[in-house]
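Enquirer: Chain order of the listed sequences is A and B. Note that the first sequence covers residues 1 to 468 in full-length UniProt numbering. Note that the second sequence covers residues 1 to 488 in full-length UniProt numbering.
Keep in mind the hints are simulated off the structure, nothing from the lab. Be aware that a few hints might be false.
[To be verified] Covered stretches of chain B (chain A as the covering partner; in silico rule of three or more C-beta atoms under 8 Å from a C-beta of chain A):
no. : region
1   : 83-92
2   : 123-135
3   : 179-193
4   : 203-212
5   : 226-239
6   : 419-429
7   : 440-449
[Said to hold, decoys possible] Part of the chain B face toward chain A, derived, beta carbon under 8 Å:
no. : residue
8   : Ala98
9   : Gly384
10  : Asn407
11  : Lys434
12  : Glu436
[Stated by the list, open to error] Simulated coverage check for chain B against chain A, where a stretch passes if three residues somewhere in it have a Cβ under 8 Å from a Cβ of chain A:
no. : region
13  : 52-58
14  : 269-278
Owing to the predicted nature of the structure, the values given are computational and were not obtained by experimental measurement. Think of the CB as a built atom: it goes at the ideal place given N, C-alpha and C, for glycine as much as any other residue.
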Amino acid sequence: NPYAGLVSHLRAAWLSGKTRPMEHRVAQLEALGRFLDEKKEEILEATALDMGKPPFEAEFSEVVLCKNELHDTLNNLSQWMKDKHVERNLVTQLDSAFIRKDPYGVVLIIAPWNYPVSLLLQPLIGAIAAGNCVVVKPSEITKNTERLMAEVLPGYLDKDCFAVVTAGVQETTRLLENKFDYIFFTGTASVGRIVMTAAAKHLTPVTLELGGKNPCYVSDTCDVQNVARRVAWGRFFNAGQTCVAPEYVLCSAEMQEKLLPALRTAITEFYGPNPQESPDFARMAGDKQFQRVQALLRSGRVVIGGQTDEKERYIAPTVLVDLQPSDPVMQEEIFGPILPIVIVANVDEAIDFINSRERPLVVYAFSSDAKVVNQVLERTSSGGFCGNDTLMHVTLTSLPFGGIGDSGLGKYHGSFTFDTFTHRRGCLHRSMGREVFNTPRYPPYNRQKLGIIRAAAEVKRKGPCTLL
Amino acid sequence: MEKVPQIVGRARAAFNSGRCRSLEFRMQQLKAMERMVREKEKEILAAINADLHKSGVNAYSHEVLTVLRELAMAMDELPSWAAPRPVQRNLLTMRDEAYVCPEPLGVVLVIGAWNYPFVLVMQPLIGAIAAGNAVVVKPSELSENMAQLVADLLPQYLDRELYPVVTGGVPETTELLKQRFDHILYTGNSAVGKIVMAAAAKHLTPVTLELGGKSPCYIDKDCDLAVACRRITWGKYMNCGQTCIAPDYILCDPSIQSKVVENIKATLQEFYGEDVKSSPDYERIINKRHFKRILGLLEGQKIAYGGESDEASCFIAPTVLTDVSPESKVMEEEIFGPILPILTVKSVDEAIEFINHREKPLALYVFSNNKKLIKRVISETSSGGVTGNDVIMHFSLSTLPFGGVGNSGMGAYHGKHTFETFSHHRSCLIKDLKMEGANKLRYPPGSQKKVDWVEFFLLKRFNKGLVGLLILALLGIVAAVVTKVSFG
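With the rest of the complex left out, here is chain B:
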């Protein structure tokens, strides 16, 4: 495989050639990507199945559907996203052109993750291409089948110099991080996130870090437990718990703990049948290392349900733990597996305090019939995003920016937000070379009279509204005449 500096250097030369700036070119690449996803659907689903034991239907709805949706949106909206955006002017700039021009950043790096290996590489790539950048793609080596497929497919459909794929593990990623990029979008864990940001700091490269954390799920006494537990079970055990926004742990009143367990048990039976291992809809842990890590979290815990495992197939059954202590190992790190600890709290106040004394999570969930309570939990906590009375779903609405805060990340993307993330918003002010009269106010020699006039021109005392605008216009004419007379 070619050396990393050469690959990145070629991408930069290709970007500097200017060919990815035109909207036609970008559209052409996005169309080609759409063709790729439709023509190679079988191969894509097969790779996800090989990596995560995920059924075709599941893989399609979790990953392929999102990519197709984002492609359609980007192609439809690109002309309006990329157009210059005029801004409101003040009295001094009334006759000028003032607008913000979205421009490509240059050569950007997208580092994917292994848990949703297709969408976590493609969704950023779509927005980065739409914004006119060259993009170096580094899929996760842990999802080896998808990494190989992406490396094979992208050069067949997209411009090879502008959108190269770099495969490999830590050495290749380290080499990549030494190169200069104009933005880096990284999806993964906080520890590596710090390494990425420190490497980016050497080049003053802006970063978007999509990290993780322990997403809390508070179940209020006043709620439809059957519905709440079904939704939580779905979000927790999808992809065998390996979802950055899975509800990591439950907080609820001790009086409803056993009912919660009962409901989850019943739902699990509904979803996966009597023998989970033989259900085609239940995934596996990505590799032995994570398998061992997750099993280790069960040490000393009260297993209310599940707990079975099989190392050969990296299978861990959907598991529920009760009366978990906040100091236990399972409450120290993001679980990223099919283990659901339940911790009891006596009130929503206690739940809020508990959440606020820990790192800010990527997602926060709260279930209650009481709208006011949900609003209160949202207002008194912080998290990347929130879904009330459900889990996961805020991810699927691309008009909502998706990202973390604090330890769970920085920056956001999805839909138009991806385009904005990979764009530079360049402010443009175009004035007239004539009309020098008004400028005399600002030139030395200075005087108090000049200062008073400048204050008048600059300070926005006027409310918007037609009358305000008319007065503004009139005053503009008067002021121009006055300055010409006094200072001309």
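Bound-form chain A, shown alone:
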């Protein structure tokens, strides 16, 4: 077991209690803030080298979002750490009853390649805030960022309590043989199953942030140009390599007629007449990713884009039409800059289409009629929902972010990350006195004792008179 030494080193630090005091957690979090500030250029450079990430996108999604989480955490940490006192019943009225926020111990975070900094740091912030020791495994696909994380990040953190491990598929399998007290994984459903199966051997709780095909319903009543801009932005951000990107559009044939020119306009507005020359459009993160997405171009008919350049791993912002639900582009998560449009007659057909498939990470619905948006919300199920925009729900730290079914289990962001890495321990601190009140619970039993217990424990239904 090549990682046994590392894990036991961190476990020794955990048992020493080093990561528990607030001062230590704050110091580590502030150090992460300094990493984001001091190494911003390095982050932008690494992600540009790895996948042609435009500097604006990189700064927004990799740096600003993390700083957001960091500030939220530092502002509220003392509040989150406090014992939460709970309402007591008659029997425990004079006791101290509270929920203690205990760290789990030594936790593992496995990060993906699409937002290699942000999706590593965001969970890390919560894990540190919750008082754990952390092993972090950045993605081996984005090599420059992996190197940055492995070589530079440890210098900012307490090396006894935090470690960065670089590992490919084989090594990660060995890493998962070790016992961790929590595992946080972001990636695909198939690897998610492997992680959870490995976790089951040690009864390790997990959070799995997976993916799926996020549907985007566009109703006939809407401001077409605004819709086109928001959908195009969400789809083509990071060249489509976003777990919450709109994966396909559902709309009527009439709407498709209006949407196509509007999408063309939006794409040109964003990236100019030749997106390959725009500094604001990313590339596929690896050759495997490029080939997989390129193959999906064969589904349906290309109406916008479709150009590719293997040397640069460039795929143009593309819109496909004339699709069948069985086409490959409609079967797997695209995770690339391709937007298929599927025709549905009306909102009911759209809802049925969505409900006949695996529950996605997010459902999108666009309409100027609030009732239509609400219908889609109420009659579908998904990790999250965003009406009349794309991606934005993940920037609000007060909203829990996670999937359902094949799109994941667990949730995080803001205080939810802290909660993810915290064991909420129910504590009741009683007094040794007042033993006389305990008498009814002791044998030998009789109906009188039962009567007292019932009276003390039974909850009467709330009636009109709440004074009694």
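Put chain B on the given structure of chain A with help from the hints.
Expert: Just chain B now, with coordinates in the frame of chain A:
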């Protein structure tokens, strides 16, 4: 009996029909359950008595009372539990609707245990129904009378398609675990817990595992021994020791060990009289296999009190062991029987180290007049839950989440926590299709100016408070105008 895949398939079709989503429907089912518990009280107590030799009074207060209490709470609180929960917004989303919507997960599986066979099936079921799910119930086959009763009663009172009962043993449970559920709540031991989680992993099904372990009980020198020992005796020997949160073993200073034994002896006499076997208030071991297992733990031990047994009736007397060695068999597995080992430690430091070098237990108990010492033990250890100066009682306060950590389990339930466990918390952000001006900040082509503005909008530098909010609002208006002018 119908095949498992058909039963689960019917539950899923029933869930997809949407009829269990309305609050009225859920309330109706909960009311029906309450009627069932009140009308069939006699049958319920009789089944518990047949399975565990438990007196009616005992069974009522341990199991039926808890179920009635949870039902009353669920019915009263359901509207507020199920309502959308608005969240705090930032500058960018100030004009939007942002809330979390609790939604049903779908079809969930509840696997009960045999030691408290009624409440361990009903308490999860109440929360799962309240959360709007279809629920497949699998009572433990070891408590056969209760399993049969649950299978008979539930279809008489509740929707038959949405809440089917599957009875049987390992083959039926294995078949159930092959099906796809949207959550599984399992109560039992760690070994089977791993099997449940591995099966769940194939479908990416979230799980709540209520397992067990050896719950330590530390008695400080500075405490009222008579009171402490009475409380410990009550919690240890209730249900003949077959309680997941029973104090498994005692840690105390050698100087008080004999006093502890004396007090426990005296209390046992008080509780069960001279002849424990004839007390109507003392239960039996569930079956021969566990009877033999528990007796085996006595091998090579110094029995300070008790030790009598009778295989025919699965009777084991309340037993206390002294000077137990940490390496002995009785300290390897969860006892789940009426044997109380006492191990001596010289200080609270030693006790804490002892506890921390073992698997995390479901419950932890500490008795002391010194509040600081109790706080220290809580802070320096980990466990599912804690009761200080008593045992068991944290279970009975449903505002406290009840569950384990590490080997003792994952997830929690009771009261509102059951509703939360069986709900999906769906984040919802509803924006306006107009007001496109503000969005121009984020669209390409990018620029440093745009980045600076985005940072300004997103980063929470403002403290809450009325002045902060007013400034925020003013800045929002200013920012909207500025972006329209600069980037419009």
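Enquirer: Against each hint, give a clear statement of whether it holds in the structure.
Expert: Do the hints match the structure? See the list:
1. 83-92: As far as the region 83-92 of chain B goes, the hint holds, because 5 residues have Cβ atoms under 8 Å from chain A.
2. 123-135: violated (count 0)
3. 179-193: n = 3 at 8 Å, threshold three: holds.
4. 203-212: holds (count 5)
5. 226-239: holds (count 5)
6. 419-429: It holds: at least three residues are needed, and the region 419-429 of chain B offers 6 whose Cβ sits within less than 8 Å of chain A.
7. 440-449: Our answer is that it holds, as 6 residues pass the Cβ test (under 8 Å) against chain A, meeting three.
8. Ala98: Holds, because the Cβ-Cβ distance from B:Ala98 to chain A comes to roughly 6 Å (cut-off 8 Å).
9. Gly384: holds, 7 Å
10. Asn407: holds, 6 Å
11. Lys434: holds, 7 Å
12. Glu436: Hint holds; B:Glu436 Cβ to chain A Cβ min 5 Å, cut 8 Å.
13. 52-58: holds (count 3)
14. 269-278: holds (count 4)
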